Amino acid sequence: MSEVVPVGAAGFSKSEMMIVAAARELAGQRVCFVGVGLPNIAVNLAKRTVAPDLELVYEAGVFGAEPARLPLSIGDPTIVTGSIAVVSMYELFSFYLQGGLVDVGFLGAAQIDRFGNINTTVIGDYAHPKTRLPGSGGACEIAINARQIFVIMRQSARSFVERIDFRTSAGNLGGAEKAERIRREQGWLGRGPSVVVTDLGIWHFDENGEMRLDSLHPGATLDEVRATIGWDPHVAPSVAVTPAPSREELRLIREELDPGGTYTK
Amino acid sequence: MRDAIADLVRDGDTVAIEGFTHLISFAAGHEIIRQRKRDLTLARLTPDLIYDQMIAGGVARKLIFSWLGNPGVGGLGAIRRRIETGEPAHLEIEEYSHFGMVGRYTAGASNLPFFPLRSYFETDMPVANPLIREIESPYGDGKVYAVPPLKPDVTIVHAQRADAHGNTQVWGLLGCQKEAAFAADRVIVVVEELVDEAVIRADPNRTIIPGLIVDAVVVEPYGAHPSYVQGAYDRDNRFYLDWDAITRDEATTQEWLNSWVYGLDDRGAYLEKLGADRIAGLRPGSAPSGSVDYGDYR
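Those protein sequences? They're chains P and Y, same order as listed. Read in order, the letters of the first sequence correspond to residues 1 to 265 in this note's numbering. Read in order, the letters of the second sequence correspond to residues 266 to 563 in this note's numbering.
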């Protein structure tokens with residue numbers, strides 16, 4: 001990676017920092033199932049920086065995608081041209097995901113709780129929702145069958161909540177002890193969520209299966225973190241500062257991946 | 266298209282227009298709206314813009330799906346209004362995950378009573394939809410979930426090419442069109458190009474649906490616009506972005522239907538209104554596959 005741009009000099013947005021931090025988490029991973037929205041740009045950045053050998057799996061039925069542009073959606077034709085394999089969705093979900101070949105499932109979320117359980121279905125009551133969200137897509141089965149789950153989402157009091165309105169995708173349930181027992185009993189392949197990257201920092205999961213703030217992005221404060229979360233968060237004894245985006249990471253986002261600023265405004 | 270929809274799609278039918286982002290038959294969807302079909306149950310993994318338009322057009326009483334949105338852009342206002350407020354009409358929903366929907370078509374196509382999968386554990390999905398049921402493995406090695414077969418009355422798919430018998434070939438994303446077609450009672454195939462049977466027979470690995478199960482072949486170039494056809498045209502993303510604003514309001518949605526569906530006789534008129542420049546701008550560069558030699562065995 002090239003030299004670091006100091007905050008305030010060249011400058012970068014919170015969203016850019018979030019995408020860069022999420023991409024770096026993929027270093028060393030082999031097979032990643034790419035979710036819709038923010039995961040899409042983070043994974044494509046990782047492929048161009050820390051994880052050139054990463055095999056991108058799209059639920060549309062592509063293994064080993066080499067997208068020449070940022071896919072407009074997770075079914076974009078650019079994920080097909082030059083890929084290793086185009087398969088039916090049956091094969092993708094049965095053999096690749098349920099068969100245990102996916103190392104990381106990279107998801108977004110509308111709501112998340114302290115144990116990494118995710119809601120992408122409704123805000124409010126299911127039968128009479130205040131806001132109808134997209135629903136599961138493949139997330140429900142990715143959360144159970146991918147070896148581990150990464151989450152990328154913006155932090156706010158509405159999204160980081162004590163109780164999610166609907167559990168679309170299972171995280172650490174009510175805590176690590178219960179989650180581990182159920183995973184063992186029911187033969188889940190995955191060990192659940194391992195990292196949540198937000199616009200303010202990086203969270204991993206502690207021995208109780210609860211989110212722990214391990215790193216703050218440059219410029220973000222603990223007060224800001226506490227104001228945008230619905231519970232009293234576990235903060236690591238010494239919180240690191242996330243290294244700022246490099247010039248090359250910013251160039252890739254701004255010139256190649258998201259020139260229109262769809263994800264980074 | 267007019268005859269195929271009139272003959273094969275009946276009020277009250279369960280209809281699946283499949284194609285995951287790729288190859289979505291907007292042409293068939295618009296014709297269903299134009300013919301004012303009623304009380305349909307619409308099934309599709311990702312309802313996309315076409316079901317938002319059809320539901321705004323009043324053709325459906327129920328939606329079966331797994332991901333509801335305008336891919337890469339935002340929401341589907343016409344469907345959301347009906348779910349959130351029941352206005353201007355109630356819409357019944359039945360919701361699964363993608364794997365659940367794929368499994369439903371697979372069970373339907375294979376004449377099985379259910380499809381087992383490792384999903385839904387410890388989620389609210391089976392509470393929201395009691396048709397998702399936990400079952401014990403008959404071999405004593407734990408629990409899985411089951412989803413019921415889905416057998417549409419009609420499945421409609423768009424493809425790059427078919428011959429006059431309906432032997433259909435696709436390249437690019439395959440989605441679950443094959444499963445949805447084999448699960449259906451009636452199948453309509455809409456194609457960019459009608460080819461000789463010899464073209465199909467020269468490359469049999471590319472065939473996803475045999476003419477044996479096809480009831481009608483409709484030739485409708487650019488019939489998947491504003492979605493895309495691998496190698497022929499790109500997604501018209503400008504339209505997906507425009508739809509985000511149109512669908513936020515019921516009145517603008519209905520105005521759009523008046524001017525782009527009810528006000529036009531057929532797909533030819535739609536393409537003329539769209540303009541040749543708009544279409545030409547969607548043409549991708551070229552990336553041909555190498556060819557393989559199947560061998561001549563006599």
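Derived by calculation from the structure, the hints in this document are not laboratory data. Treat the hints with care, as some may be off.
Stated by the list, open to error - The calculated BS3-like cross-link candidates involving lysine-lysine, where the alpha carbons are at most 30 Å apart (straight line), are: (1) Y/Lys-538 <-> P/Lys-178; (2) P/Lys-130 <-> Y/Lys-408; (3) Y/Lys-538 <-> Y/Lys-408; (4) P/Lys-178 <-> P/Lys-14.
Claimed, not checked - Here are a few chain Y residues that face chain P, going by a calculated C-beta distance under 10 Å: (5) His-287; (6) Tyr-370; (7) Pro-403; (8) Pro-469; (9) Thr-472; (10) Gly-528; (11) Leu-529.
What the hints assert, rightly or not - Stretch-level coverage of chain P by chain Y, calculated; a stretch enters the list once three of its residues show a Cβ under 8 Å from a Cβ in chain Y: (12) 200-206; (13) 240-247.
Source: prediction; values computed, not measured. Glycine included, C-beta positions come from ideal geometry on N, C-alpha and C.
*asked:* Run through the hints listed earlier and report the numbers of any the structure violates, in increasing order.
replied: 1, 2, 3, 4, 7, 8, 9, 10, 11, 12, 13
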